[in-house]
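There are 2 protein chains.
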Amino acid sequence: MDKILRINMGGPDGEPSYRTETLGEYAGLGGRGLTSAIVAKEVPPTCHPLGAENKLVIAPGLLSGTSGAMSGRLSVGTKSPLTGGIKEANAGGQPAQMIGRLGYAAIVLEGKPKEKTLYKILINKDTVEITEAPDLKMLGNYDLVDRIKGKYGEKVACISIGQAGEMKLTASTVACTDMEQRPTRHAARGGVGAVMGSKGVKAIVIDDTGTSMRSPKDKDKFREANKKFVEGLKQHAVTGQGLPAYGTNVLTNVVNEAGAYPTYNFKTGRFRGAAAISGETQAETETARGGLATHGCHRGCVIRCSGTYNDKDGHFLTKQPEYETVWAHGGNCGIDNLDAIAMLDRLDDDYGLDTIEMGTTISVAMDAGLAEFGDYEAAINLLKEVGKGTPLGRIIGSGAALTGKVFGVERIPVVKNQAMPAYDPRAVQGVGVTYATSTMGADHTAGYAVTANLLGVGGTVDPLKPEGQVELSRNLQFATAAIDSTGMCLFIAFAVLDQPETFQALIDMINAFHGLEMTAEDVTALGQKVIAMERDFNKRAGFSKEDDRLPDYFKNEACPPHNVTFGVTDEELDSVFG
Amino acid sequence: MDKILRINMGGPDGEPSYRTETLGEYAGLGGRGLTSAIVAKEVPPTCHPLGAENKLVIAPGLLSGTSGAMSGRLSVGTKSPLTGGIKEANAGGQPAQMIGRLGYAAIVLEGKPKEKTLYKILINKDTVEITEAPDLKMLGNYDLVDRIKGKYGEKVACISIGQAGEMKLTASTVACTDMEQRPTRHAARGGVGAVMGSKGVKAIVIDDTGTSMRSPKDKDKFREANKKFVEGLKQHAVTGQGLPAYGTNVLTNVVNEAGAYPTYNFKTGRFRGAAAISGETQAETETARGGLATHGCHRGCVIRCSGTYNDKDGHFLTKQPEYETVWAHGGNCGIDNLDAIAMLDRLDDDYGLDTIEMGTTISVAMDAGLAEFGDYEAAINLLKEVGKGTPLGRIIGSGAALTGKVFGVERIPVVKNQAMPAYDPRAVQGVGVTYATSTMGADHTAGYAVTANLLGVGGTVDPLKPEGQVELSRNLQFATAAIDSTGMCLFIAFAVLDQPETFQALIDMINAFHGLEMTAEDVTALGQKVIAMERDFNKRAGFSKEDDRLPDYFKNEACPPHNVTFGVTDEELDSVFG
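Just so you know, the protein sequences line up as chains Y and B, in that order.
All letters in the first sequence, in the order written, are residues 0 to 577 by numbering that gives the first Met the number 0.
All letters in the second sequence, in the order written, are residues 0 to 577 by numbering that gives the first Met the number 0.
One should not assume that every hint holds.
Derived BS3-like pairs (lysine-lysine); straight-line CA-CA distance at most 30 angstroms [to be verified]: (1) Lys544/B to Lys538/Y; (2) Lys226/B to Lys154/B; (3) Lys154/B to Lys115/Y.
Covered stretches of chain B, as calculated for chain Y (at least 3 residues, CB under 8 angstroms) [to be verified]: (4) 47-53; (5) 206-220; (6) 548-562.
Since the hints were made in silico from the structure, they are not lab data.
We treat Cβ as the ideally placed atom computed from N, Cα and C, and that holds for glycine.
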């Protein structure tokens with residue numbers, strides 16, 4: 000796995016072409032570390048995100064394609080059309096493991112087709128085929144994958160865009176198929192799908208037939224470390240019990256109880272309808288309808304936080320909607336109907352849209368008077384406009400900031416133009432620091448301070464006060480950048496943060512596999528290096544310290560029930576990476 | 000004229016209220032100098048432009064309300080919803096002179112009404128009346144002014160917003176009535192109308208009945224200086240002949256001949272249909288249909304560069320469309336039909352939209368495939384969508400950058416989100432420097448290097464080369480900030496730049512009127528001070544040096560017929576105010 004596959008969609012003769020090369024200066028990097036390194040070095044920071052100079056970098060993790068647990072995340076990096084800065088969005092599903100087995104550390108889409116031609120790309124152990132695919136035009140991800148399955152069989156994985164990516168909308172995703180060959184796992188944030196669309200690539204079909212599991216340098220040590228790692232995950236309450244039983248949506252009751260659950264477009268921190276859409280209710284519903292409440296999204300997952308959500312008639316509707324999705328389409332829009340939320344999730348996956356951005360956008364549209372809070376039919380209709388490609392749909396599909404601008408809404412919960420996720424920054428101030436200062440725009444995963452703020456994981460910091468939040472967020476952002484660069488599922492962080500021996504097992508796995516001698520300090524240093532690269536890119540793209548801020552109203556409007564405002568000062572925010 | 004009228008639309012009890020105060024620390028400032036000083040000091044740079052903390056400052060010039068020639072410009076300043084930075088847009092028409100006679104140096108709209116109530120404000124010598132005006136809701140400026148005229152008679156002036164401002168669209172204007180009480184003069188750029196809309200103010204009616212001309216401190220000196228000033232304007236070829244005869248549209252043939260006329264969304268520098276829409280053809284058409292080819296927009300104008308454009312049946316359609324408008328809706332959209340352009344101008348004035356932003360937006364929409372270049376009926380229909388308030392109309396009314404984003408267009412000619420005017424920055428590189436570095440976003444009036452680049456006014460600098468452009472643009476930007484701060488029509492600059500005695504006459508007028516002893520150096524220093532204030536505001540709002548750049552494609556794509564790219568380096572751009 001030491002090759003980069005570079006696919007130039009606007010080759011010298013105007014035809015797509017490809018070449019492979021060794022990792023070279025990027026050796027030793029994977030996942031976010033690799034995507035950010037390539038983007039920071041090769042993409043002009045002031046280029047148009049949809050132009051020929053931007054690149055879309057798709058990179059599995061350091062252990063993808065191995066028997067290592069949780070190693071199947073796929074990083075997608077680019078200059079974001081949403082934020083204008085560097086972006087790494089990652090997803091589960093099957094492609095990472097298969098790309099790893101094919102020996103690619105990264106697939107880089109470069110250039111731009113001269114005409115508006117749509118292509119599909121097949122990558123297998125022998126070749127790379129880039130062919131025109133007019134028949135796939137404006138298909139949703141579900142129909143698209145059905146076609147791919149019909150042609151290439153039931154063992155391939157697919158990386159694709161839906162209508163939103165083809166329309167180059169800034170809330171569009173890159174979809175990855177899961178173990179059931181469904182397009183349910185998305186590199187969702189920052190409009191990465193629009194960049195894939197601008198390259199004219201509708202689908203990348205990954206076929207690892209004839210390849211075998213990647214082999215560690217030290218097989219025994221690797222096996223042993225992997226075993227300890229899995230044990231660590233199983234014994235931690237979050238990764239061993241909470242997540243498997245209820246999925247990420249276990250958080251609804253927790254966050255709502257904490258008064259940090261953004262409701263009605265970030266107006267209050269508690270939602271009356273929370274119980275009806277909680278993980279507990281969701282799991283019960285799934286089981287009662289013959290779906291699964293516990294399920295993995297990729298080979299090698301041992302946490303298995305996903306599930307399948309069937310409709311009332313017992314037919315598959317969508318994968319188990321994540322906490323963020325349930326919140327975005329649920330509480331934040333005043334909607335307490337799980338079936339409606341599942342339908343919205345299904346539509347997002349099909350069109351290829353970021354559920355967080357869409358939920359926040361719809362709540363902003365509700366603030367603008369386009370629909371009543373709680374009106375789930377109106378919410379579904381708004382989302383369907385995106386699929387139809389109407390002007391209204393294009394507005395919605397361009398995200399919360401743009402929608403707010405078009406409709407003259409003042410309260411728009413974004414940072415660097417990206418919508419805030421499911422934690423009110425006034426009631427989880429550590430996450431507020433992450434929203435403000437992350438290189439990615441408002442992003443909970445970039446430094447998930449919910450851990451020490453609400454969950455008592457990795458320490459305890461009062462969520463309602465500014466004290467200690469800067470240090471908490473900073474450390475988590477470095478750790479996250481490191482974990483994202485291993486390509487491991489971020490959920491391992493719960494166990495890794497709490498259990499030193501599980502963290503050591505992770506390092507041992509990587510060392511045993513690659514024949515390295517990394518220490519814990521090296522891992523932290525890697526995270527620091529990645530963030531430094533990203534911040535440098537953003538600076539060259541024109542970001543200033545004023546971009547590391549929450550919208551003013553979080554400082555001026557108190558959030559019930561705690562009635563607190565965001566108390567971390569601008570100077571403190573500047574000290575996070577200052 | 001030493002009073003500020005402050006109108007708080009969200010007074011302490013939620014009801015609008017007003018108070019007057021003396022100029023205080025702002026004494027000695029007028030026009031842009033005053034609006035920028037108030038905005039820079041009183042508006043939090045990171046506030047939402049449509050929020051209660053933003054202010055809309057309306058200021059006449061230092062000599063408005065006097066018998067001084069050309070003294071009737073009205074400055075409108077705010078934090079721009081389009082650029083996110085400080086904004087001063089100015090307009091001719093009657094209000095400035097009348098506000099001057101009423102003794103107000105500035106009217107400041109503050110706060111925000113609690114409910115979505117629409118108000119009108121009457122200002123006369125005795126009182127300020129703020130009354131609810133639900134009957135004016137969503138009226139175009141023409142219908143609105145008819146209602147105002149019906150109620151307040153034919154002598155009042157009106158400052159108003161059309162549908163676009165009420166919808167808070169970022170391309171919306173603040174309209175001023177002209178001498179015929181038509182809403183044809185607009186403070187057009189940067190979405191100032193949206194801020195007026197966010198304050199809930201539909202119209203400000205100015206009634207100067209019972210007031211008299213403001214009296215100079217030294218009447219004789221003032222009269223003498225004014226006489227010399229007018230003589231200077233009359234004897235200069237541009238202000239004495241070209242502008243009166245053909246209006247600003249005299250430039251179409253000049254700029255097209257120079258290969259600097261942006262055509263088909265800034266793809267070439269020369270337009271085949273230029274002759275059909277030139278100032279010469281326009282004046283001929285106007286005269287033949289019983290309109291006027293020469294006409295002033297405000298009392299005290301001696302250049303008289305405007306006119307009236309009648310339809311084929313001889314009925315008034317619109318005021319003489321300006322060069323920028325004819326270009327924006329004409330050549331840049333591939334349209335060579337003057338009647339269609341006049342109709343687009345009329346619609347812009349009626350809805351309250353910036354013609355430059357709209358023309359550029361429609362050309363971007365044409366690039367996106369929404370209409371064919373040259374299809375003027377489609378262009379008219381696109382603009383009518385704005386008046387209807389449809390989602391497509393809201394997109395278009397939000398300007399070129401947003402429209403490009405929504406439709407995934409890569410080539411978007413904006414700086415700081417504001418659309419470029421009618422000079423290709425590759426073929427008039429001095430204007431390119433102004434576009435890039437102006438505090439206002441892409442704005443030709445901020446430092447009109449067309450003078451020395453193409454017109455041979457104020458020196459000669461090769462338009463196709465980077466040499467000398469930085470100094471040219473810098474000096475013009477300082478001079479312009481000074482002239483804008485006097486509140487004089489900027490067109491005096493042609494004569495003032497070329498004829499030292501006319502510049503001296505201007506200074507003598509101000510000195511004689513106010514009892515001052517300003518020198519030419521003081522005037523330049525004023526311009527420098529104003530720009531320093533504005534740059535400081537923008538910096539605090541988050542602008543960095545990367546915001547002082549043209550889009551990359553102007554550096555990479557050569558513009559026919561000269562086939563040059565923009566050659567001024569980033570370092571040179573940083574040296575303009577560095």
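Taking the hints in turn, this is what the structure says about them:
Distance hint between Lys544/B and Lys538/Y is fulfilled; the C-alpha atoms sit about 10 angstroms from each other, no more than 30 angstroms. Simply put, Lys226/B and Lys154/B have alpha-carbon atoms about 28 angstroms apart, close enough for the 30 angstroms limit, and the pair holds. Distance restraint check for Lys154/B and Lys115/Y: the Cα-Cα separation of roughly 58 angstroms exceeds the 30 angstroms cut-off, and the hinted pair is therefore not satisfied. Only residues whose beta carbon comes within less than 8 angstroms of a beta carbon in chain Y count, and the region 47-53 of chain B has 4; three or more means the coverage holds.
Against chain Y, the region 206-220 of chain B contributes 0 residues with a C-beta closer than 8 angstroms to a partner C-beta. That does not satisfy the three-residue criterion, and the hint is violated. Against chain Y, the region 548-562 of chain B contributes 4 residues with a C-beta closer than 8 angstroms to a partner C-beta. That satisfies the three-residue criterion, and the hint holds.
Consistency with the previously given hints fails for numbers 3, 5, ordered from lowest to highest.
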